[in-house]
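**Student:** Chains as they are written, first to last, in UniProt numbering: chain A, 1 to 282; chain B, 1 to 782.
If you're looking for bench data, these hints aren't it; they were derived computationally from the structure.
Just so you know, these numbers come straight off a predicted model, no measurement behind them.
You may find that some hints are simply not true.
[Stated by the list, open to error] A short list of chain A residues far from chain B (calculated; beta carbon distances all over 12 Å):
(1) Ala-186
(2) Thr-202
(3) Asp-227
(4) Leu-245
[Said to hold, decoys possible] The calculated label-pair distances, taken between Cβ atoms and stated as ranges, are:
(5) Ala-221/A / Arg-779/B: 27 to 37 Å
(6) Pro-155/A / Ser-50/B: 30 to 40 Å
(7) Arg-781/B / Val-140/A: 53 to 63 Å
(8) Ser-707/B / Thr-249/A: 49 to 59 Å
(9) Arg-779/B / Ile-251/A: 12 to 22 Å
(10) Ala-221/A / Asp-649/B: 19 to 29 Å
(11) Pro-155/A / Thr-700/B: 19 to 29 Å
(12) Leu-44/A / Thr-700/B: 49 to 59 Å
(13) Arg-779/B / Pro-155/A: 23 to 33 Å
(14) Phe-2/B / Asn-54/A: 51 to 61 Å
(15) Ala-221/A / Thr-700/B: 16 to 26 Å
(16) Arg-141/A / Asp-649/B: 50 to 60 Å
Beta carbons: idealized from backbone N, C-alpha and C, even for Gly.
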Amino acid sequence: MKPPPFGYHAPRSLGEALAALAAARDGKVLAGGQSLIPLLNMRLAAPAEIIDINRVAGLDTLEAGPAGVRVGALVRHARAERSAEAARVQPLLRLALRHVAHPAVRSRGTVVGSLAHADPAAELPAVLALLGGTVEAASVRGRRTIGAADFFAGPLESALAPDELAVAATFPALPPRTGAAFAEIARRHGDYALAGVAALVTVDEAGRPAAARAGYLGVAATPLVLDLDVSGGRAAAAADAAGRLDPETDIHASAEYRRHLAGVLTERVLHAAAGAARERGT
Amino acid sequence: MFGEPIPRREDPRLLTGQGRFLDDLGRDALAAAFVRSPHAHARILDIDVSAAVDVDGLVAIYTWEDLPGRVGDPLPLLIPHPALTHGRTGRPLARETVRYAGEPVAMVVAADRYLAEDAAGLVRVEYEPLPAVVGIDAAARAEHLVHDDVPGNVAAVLVQETGDAAAAIAAAPHTLEFDLAIERSAATPLEGRGVYARWDAADGSLRVYSSTQSSTAVRGAVAARLGLPAGKVEVVAPDVGGGFGVKIVHPWPEEVLVPWAARLLDRPVKWAEDRREHFVAAAHERGQQHHVRVGFDGEGRVLGLDVRIRHDHGAYTPYGIIIPIVTSTQLLGPYKIGAYRAEVTSLYTNTVIVTPYRGAGRPQGVFCMERTMDRIARHLGRDRADVRAANFIRPHEFPYDQGLTFQDGRPLIYDSGDYPALLRELRKLIGWDTFAELRARDGRRLGIGLGCYVEGTGVGPYEGGHVEIDTAGRVHVATGLTSQGQGHQTVFAQIAAAELGVPIEDVHVTTGDTRRFGYAVGTFASRAAVMSGNAIALACRKVRAKALRVAGEALEADPADLEITGGTVHVRGDRAAGVPLRTVAVLSNPLRYAFDEQSAAATQFAGGGSLDEPPVARGDEPGLEARDYYSPVRSTFAAGAHAAIVEVDPDTAEVRILRYAVLHDCGRLINPRIVEGQIHGGVAQGIAGALYERMAYDETGQLQNASFMDFLMPYATEIPRIETAHLETPSPLNPLGVKGAGEAGVIPVSAVIASAIEDAEGFVVDAMPLSPDELFRLRRRD
Chain A
1 MKPPPFGYHA PRSLGEALAA LAAARDGKVL AGGQSLIPLL NMRLAAPAEI
51 IDINRVAGLD TLEAGPAGVR VGALVRHARA ERSAEAARVQ PLLRLALRHV
101 AHPAVRSRGT VVGSLAHADP AAELPAVLAL LGGTVEAASV RGRRTIGAAD
151 FFAGPLESAL APDELAVAAT FPALPPRTGA AFAEIARRHG DYALAGVAAL
201 VTVDEAGRPA AARAGYLGVA ATPLVLDLDV SGGRAAAAAD AAGRLDPETD
251 IHASAEYRRH LAGVLTERVL HAAAGAARER GT
Chain B
1 MFGEPIPRRE DPRLLTGQGR FLDDLGRDAL AAAFVRSPHA HARILDIDVS
51 AAVDVDGLVA IYTWEDLPGR VGDPLPLLIP HPALTHGRTG RPLARETVRY
101 AGEPVAMVVA ADRYLAEDAA GLVRVEYEPL PAVVGIDAAA RAEHLVHDDV
151 PGNVAAVLVQ ETGDAAAAIA AAPHTLEFDL AIERSAATPL EGRGVYARWD
201 AADGSLRVYS STQSSTAVRG AVAARLGLPA GKVEVVAPDV GGGFGVKIVH
251 PWPEEVLVPW AARLLDRPVK WAEDRREHFV AAAHERGQQH HVRVGFDGEG
301 RVLGLDVRIR HDHGAYTPYG IIIPIVTSTQ LLGPYKIGAY RAEVTSLYTN
351 TVIVTPYRGA GRPQGVFCME RTMDRIARHL GRDRADVRAA NFIRPHEFPY
401 DQGLTFQDGR PLIYDSGDYP ALLRELRKLI GWDTFAELRA RDGRRLGIGL
451 GCYVEGTGVG PYEGGHVEID TAGRVHVATG LTSQGQGHQT VFAQIAAAEL
501 GVPIEDVHVT TGDTRRFGYA VGTFASRAAV MSGNAIALAC RKVRAKALRV
551 AGEALEADPA DLEITGGTVH VRGDRAAGVP LRTVAVLSNP LRYAFDEQSA
601 AATQFAGGGS LDEPPVARGD EPGLEARDYY SPVRSTFAAG AHAAIVEVDP
651 DTAEVRILRY AVLHDCGRLI NPRIVEGQIH GGVAQGIAGA LYERMAYDET
701 GQLQNASFMD FLMPYATEIP RIETAHLETP SPLNPLGVKG AGEAGVIPVS
751 AVIASAIEDA EGFVVDAMPL SPDELFRLRR RD
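For reference, chain A alone in the conformation it holds in the complex (with noise of 0.2 Å):
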């Protein structure tokens, strides 16, 4: 469990490392490392040119304003899941955050490191996705900002290009009358989760919900976000997502506990952010 050789670059500026990058015959960049570390130590990636963009400067802005919470490429996840900033304009981030594997790789791992990777059980990329969030990418050809649901590509796979760089993501803000909530079930505390889901409800003057949306991870190629239709109640909304779901069996579940699961979850998170939207008000 050693890595196999690789060239490594650590670039000090952005140029530098979108340089490094364009340069690279495949190149691969590392920021916080909790995932590309161990799939190198597992010879299951051999890229042949790392960029180490930690000493990059300028990529370690957290921005929170009306618009939403914009995450630099350095930003680890305990300082998303720490800033109370962050927490107001966009809650859903937080809550997300708190089931991100443990403290000591929150303590490390980037938000958009995470995004990068793709992963389909992963919470941040379910949350961009519900949300209808950005990922900012840069290469030496210039700048473009993707939206979430072209970054998604496949498993494991984004929409950068080999040369880009994701430089930021942003998460839009909480829109008024609406709450969040995220939950999953995962087989130890910290493991990528079985199942999940992110919901956000918007109420209507009187406190009922009008609209809801919800974001699944663990069971599609890609996270998936589904428009609920919750005027027949929390219960035949979520029958009606869990039927819509097409998860796969693998070692821990089958699909159909898997779907089971986002039936479950999806009726209890339509519930709290239902909650959460009237307490917050508009």
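Got chain A; can you put chain B on it based on the hints?
**Tutor:** Here is chain B on its own, set in the frame of chain A:
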């Protein structure tokens, strides 16, 4: 001192990173890595190393053809048994056929482990895949054979019998028949295996460090394979990060090959197993199926019990059939079973070898017996605890002969115990009798379960202890068996301090180092406290007798009137006038030369001693030291009873353990804190086996969860607080009255959790571990 819950003396060192584990040693050593079979069963057609030899830093690549003489022979079958009619062992490197994915095929030695893995990855092996035999059912069907010359894949058929079980069952008022299963798991110590060897060409001697549970056995095996006299091989077990049974196996292929390569290359060589290797190339345990037939009366008393067991033994049987023996004997637990027959069929499969893992067959046997007790209670509509109580051996019935043969080849005779008291106290601790009210009040889906067990501990043949008091008053204690984190530095020092009357700070303990003690068996079967503990106590008593005799001459007092307090020998009741042990040590070693002021007192013109007697009396020896051994006539039997309250989620089928209670009797407690630590760790491993851990082999023999990401060793977050209480029924078999405690915690847990889930759900649970997914499916089936 003896019996006090003093903190572990080794912890400050270990917890501050001062430990010296195998991979902390030999920074300058060459690194070994292994090419392992990717196939569960295949013929090796060709091995091509040409691409690998270009790796910079490569030193050597070895295949079986390079191994001379005994080095390439099949590894020893460590514990032969007449029932093991078809024992088979692997070679250090596979010759023609590989029989599990992970079996070593070639060894690479390079400047460091990175380069060794690079080269190993470039060795091309051409295989002809053969059909893989995976799982007990496939092994029993025997459509394909693991070993061509082992018909039916049957390694052994072991029968243990007392009375006529078939007749007793036929005549019983009630009978039940059912199947029970436990899945395969593994010990997974946090430190894997590892070997580091240094050859001294001028001296013709070898120093081997191994992360082993038996340094003396490794020495014997390495010396034999390499054709060296044992005196030229030193084996040291450094700090070892857990063993739990897997490291008692010896010699591992790597334990032969690394020392051999170190001698051949005349360079130090080290191999530190990585986690992936440990999953596929060390050992597993537990996979076992049981078909039970039981006859009983209206009180739930068992009149006859017949159990047919099929045991998954993996690809080879280097450790013999210890697990089947333990399962078939310890299954009886604390009960008087009228007539009993167990037949264990050990089956080969194309999977990693199966050798003892903490509990060693007991968790399966206890699962079998305790599930049977619950079935009987269910059938009769009686309380589960009452059915157990009806079957207990009574306190006045000891020694109690179960009429079988135990793993030490000796009769299965329980030495002492009080099982009714264990159950009585457990019922109080967990609130057994008020649980129904609690459940009705609580509203959640709760269940309560229990399980009892007896554990044969302190297996022979022997251990030894050496105790020496030096002229600075330090007490050096050595025993040959090894430590893997149990707290031997603490408990052995407590024993010595208590026996000698010295402060524990003066006691220094060495274990697992053949340079200090050459005769030993090893650390397994909950035997260290019983075996080495008693041997050290006996050696201390010899040293004490000599100290009193020598001090008696100096004090002109009768040794019978002397005692030792705080490291000073004095007349009983008069602590003012005494002679410190450091001085006694000086006086016990007559000298010609003084090397310091103290030793001057023992030189020939210092006076003292009769001029008509030789300075060292006939039959006496210089120095304040002694060696003694403890060899028991047979094992001593500890016991316990566990209970748990669980909550099952009606929607998600998650299982949460709300309370876990342990009543434990391991005879006299040397250190209650350490015993509790052993129980906590054992219960944690038991919960792991009950709810989390399994070996997910696919039908081709690929282990799909060979990492801690997918092999679900629980975290602290999954383990509840564990409530413990002790009974102390001393063993009459040994001077200290102690019994073993190392495995106790793990033994009944699967039975207890199954019992509790069954109680919560209302349907029968007959296989463990149980994941939420499986509980979900059981509900659907029901």
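**Student:** Each hint: holds or not?
**Tutor:** Now for the hints, and whether the structure bears them out:
A cut-off of 12 Å between C-beta atoms contradicts the statement that Ala-186/A is not in contact with chain B; the least separation is 10 Å. No Cβ of chain B comes within 12 Å of the Cβ of Thr-202/A; the nearest lies about 25 Å off, and the non-interface call holds. The Cβ of Asp-227/A lies farther than 12 Å from every Cβ of chain B, with a closest approach of about 24 Å, so its non-interface assignment holds. For Leu-245/A, the non-interface assignment is confirmed: its Cβ lies about 16 Å from the closest Cβ of chain B, beyond the 12 Å cut-off.
Between Ala-221/A and Arg-779/B the beta carbon distance is about 29 Å. The supplied range of 27 to 37 Å therefore holds. The given range of 30 to 40 Å is respected by Pro-155/A and Ser-50/B, whose C-beta atoms sit roughly 37 Å from each other. As the Cβ distance of Arg-781/B to Val-140/A is approximately 60 Å, the hint placing it in 53 to 63 Å holds. Against the hinted window of 49 to 59 Å, the Cβ-Cβ separation of Ser-707/B and Thr-249/A comes to about 19 Å, which falls outside the hint.
The beta-carbon spacing between Arg-779/B and Ile-251/A, approximately 20 Å, falls within the hinted interval of 12 to 22 Å. Between Ala-221/A and Asp-649/B the Cβ separation comes to about 28 Å, which falls inside the hinted range of 19 to 29 Å. Checked against the hint of 19 to 29 Å, the pair Pro-155/A and Thr-700/B passes, with Cβ atoms roughly 23 Å apart. For the pair Leu-44/A and Thr-700/B, the supplied restraint of 49 to 59 Å is violated, since their beta-carbon distance comes to about 19 Å.
Here the CB-CB span from Arg-779/B to Pro-155/A is close to 30 Å, well matched to the stated 23 to 33 Å. Between Phe-2/B and Asn-54/A the Cβ separation comes to about 55 Å, which falls inside the hinted range of 51 to 61 Å. Between Ala-221/A and Thr-700/B the beta carbons are some 25 Å apart, a value that agrees with the proposed interval 16 to 26 Å. Checked against the hint of 50 to 60 Å, the pair Arg-141/A and Asp-649/B passes, with Cβ atoms roughly 51 Å apart.
Going through the hint list in order, the structure does not satisfy hints 1, 8, 12.
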